[in-house]
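Please work from the sequences and hints to get the whole structure.
Residues per chain are reported as follows:
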Amino acid sequence: MKLVSAIIKPFKLDDAREALSEIGVQGITVTEVKGFGRQKGHTELYRGAEYVVDFLPKVKIEIAVADDLLDQVIEALSKSAQTGKIGDGKIFVFSLEQAIRIRTGETGDEAL
Amino acid sequence: MEAIIEVKYAIDTFYFLVCGALVMWMAAGFTMLEAGMVRAKNTTEILTKNISLYSIACVMYLLMGYGIMYPGDGASNTFWPGIHGILGDGDNSAADVLASGGDVYYSGLSDFFFQVVFVATAMSIVSGAVAERMKLWAFLAFCVVMTGFIYPMQGFWNWGGGFLTADGGVGYVDFAGSGTVHLAGAAAALAGVILLGARKGKYGPNGQINPITGANMPLATLGTFILWLGWFGFNGGSELKLSDVGEANAVAKVFVNTNAAAAGGVIAALLTARLMFGKADLTMVLNGALAGLVAITAQPLDPSPIMATLIGAIGGVLVVFSILGLDKMKIDDPVGAISVHGVVGIWGVMAVIISNADATFMGQLTGVGVIFGWVFVSSLITWAIIKAVMGIRVTEEEEYQGLDITDCGLEAYPEFTGARGHN
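Keeping their order, the protein sequence lines are chains A and B.
Heads up: the first sequence is residues 1 to 112, going by the numbering used here.
Heads up: the second sequence is residues 1 to 423, going by the numbering used here.
Keep in mind the hints are simulated off the structure, nothing from the lab.
We treat Cβ as the ideally placed atom computed from N, Cα and C, and that holds for glycine.
A hint or two may mislead.
[As the list claims (entries may be wrong)] When the alpha-carbon atoms are kept at most 25 Å apart in a straight line, the in silico PhoX-like pairs for lysine-lysine are as follows: (1) B:K279 / A:K85; (2) A:K79 / A:K9; (3) A:K40 / B:K202; (4) B:K387 / B:K200; (5) B:K8 / B:K241; (6) A:K40 / A:K2; (7) A:K40 / B:K279; (8) B:K202 / A:K34; (9) A:K34 / A:K60; (10) A:K2 / A:K34; (11) A:K9 / A:K40; (12) A:K60 / A:K79.
[Unchecked claim] Beta-carbon label-pair distances, calculated as ranges: (13) B:V377 / A:H42: 42 to 48 Å; (14) A:K90 / B:Y413: 32 to 38 Å; (15) B:L63 / A:H42: 52 to 58 Å; (16) A:E44 / B:S52: 41 to 47 Å.
Now the structure itself:
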């Protein structure tokens with residue numbers, strides 16, 4: 001099993017969710033996050049003084065998937081969240097040791 | 001004829017009261033403007049402060065302020081009005097009104113009501129400038145002195161028969177109070193801010209200016225619109241009379257000019273900000289509206305509507321430069337009150353000479369000097385005494401936490417910040 005953690009542009013969340021549903025992903029967890037990458041922050045203006053907003057709002061999607069679905073998930077995320085402009089985000093993949101469905105006690109792929 | 005005199009008395013009194021109610025509503029405008037321009041953690045405190053200062057102003061003016069400002073024949077001389085005690089409930093009898101042949105044309109208590117909401121306006125100006133770092137109770141203590149004594153003294157000099165009037169020798173002309181209300185409020189605010197210091201983090205080393213952004217732009221905009229509406233009472237009511245063709249036309253002109261000046265102020269501030277910063281800076285635009293209103297307040301009757309627009313527009317340009325200039329001098333004013341009401345208030349007073357032949361350059365300048373000098377010095381002394389007795393500034397930790405929790409024990413948006421622990 002793998003845990004995919006993707007940081008994407010917030011306005012791409014709906015596209016990403018649809019693309020993941022289409023390939024059979026059963027559940028995702030979404031968090032509003034802030035951060036910076038090579039895009040860096042941007043400047044804003046208040047009462048004549050500019051200031052730098054260091055951290056931009058992004059959305060983090062976490063998906064636990066069976067190993068055989070991993071490539072499709074990465075492809076779905078890469079396509080659906082891409083604008084081609086700086087700041088599109090990144091996808092991280094972790095090994096997932098165990099998953100347990102709390103309601104039934106199922107474990108492993110069955111719990112996903 | 002007698003019935004007409006009575007009806008005119010009723011109409012003029014009614015007009016006066018409605019205008020007073022509009023000015024009362026300006027307290028809501030200031031409250032919303034300030035609530036929008038401070039950080040979320042200081043919202044409850046600024047709301048508490050505004051409704052409290054309004055109420056203290058009402059009580060202090062009733063107890064002693066009105067007697068000082070309008071002593072009638074009881075003034076000791078044109079400098080010292082004397083202390084004349086609590087407002088009574090006496091008013092004009094029908095016989096007196098009829099005997100005057102129409103010279104007595106509104107209720108005495110309606111005059112008190114119209115005046116008391118003006119002193120509250122002056123005090124509201126102070127509130128925004130010292131926001132986010134002053135102790136609530138120190139501010140309210142100052143409010144007692146300002147509304148009971150400092151404001152009424154210079155009000156007497158201008159409107160109560162004191163030495164600033166033509167009869168008194170100076171010939172200062174200030175229709176609705178660019179100087180007596182707005183400059184006075186700003187002078188008290190400046191004295192407070194100087195003793196108080198800037199908000200922590202506002203000014204960095206090497207002259208760096210760090211913006212501290214307001215929490216709620218819709219509230220700040222709503223507050224500005226409320227003030228704009230209330231100003232029709234402020235200037236329109238200062239005509240004091242409605243009930244004949246000449247007076248009705250004058251009132252209409254005051255309304256038109258007041259509105260035009262605010263619009264001019266907005267457009268001028270909008271363009272100035274766009275040219276200087278490359279962006280349409282909303283809070284500067286809001287200050288531009290108020291600057292236009294303050295600028296026309298000393299003389300909303302005499303200028304033509306297009307002249308009123310220009311007077312407002314100059315106020316709108318001035319306010320942007322003034323806000324930038326005060327920041328360079330490290331005078332931290334979160335809402336721009338000192339610029340809007342002080343710097344533009346002076347412009348409003350001086351602009352009277354453009355359209356009113358009775359006003360002289362020296363007379364207006366003397367008025368500005370006397371009002372600013374008196375209010376600034378007496379406020380500085382008052383703030384200094386309060387500082388020595390109870391302190392005026394919260395601790396650094398309290399400032400970081402926000403005054404909502406430290407002074408009021410209540411956050412304005414508990415669900416939003418998660419303070420209630422269930423979201």
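Comparing the hints with the structure gives:
no. : hint                       : verdict
1   : B:K279 / A:K85             : holds, 24 Å
2   : A:K79 / A:K9               : holds, 13 Å
3   : A:K40 / B:K202             : holds, 24 Å
4   : B:K387 / B:K200            : holds, 18 Å
5   : B:K8 / B:K241              : holds, 9 Å
6   : A:K40 / A:K2               : violated, 29 Å
7   : A:K40 / B:K279             : holds, 21 Å
8   : B:K202 / A:K34             : holds, 24 Å
9   : A:K34 / A:K60              : holds, 9 Å
10  : A:K2 / A:K34               : holds, 24 Å
11  : A:K9 / A:K40               : holds, 14 Å
12  : A:K60 / A:K79              : holds, 16 Å
13  : B:V377 / A:H42: 42 to 48 Å : holds, 46 Å
14  : A:K90 / B:Y413: 32 to 38 Å : holds, 33 Å
15  : B:L63 / A:H42: 52 to 58 Å  : holds, 54 Å
16  : A:E44 / B:S52: 41 to 47 Å  : violated, 34 Å
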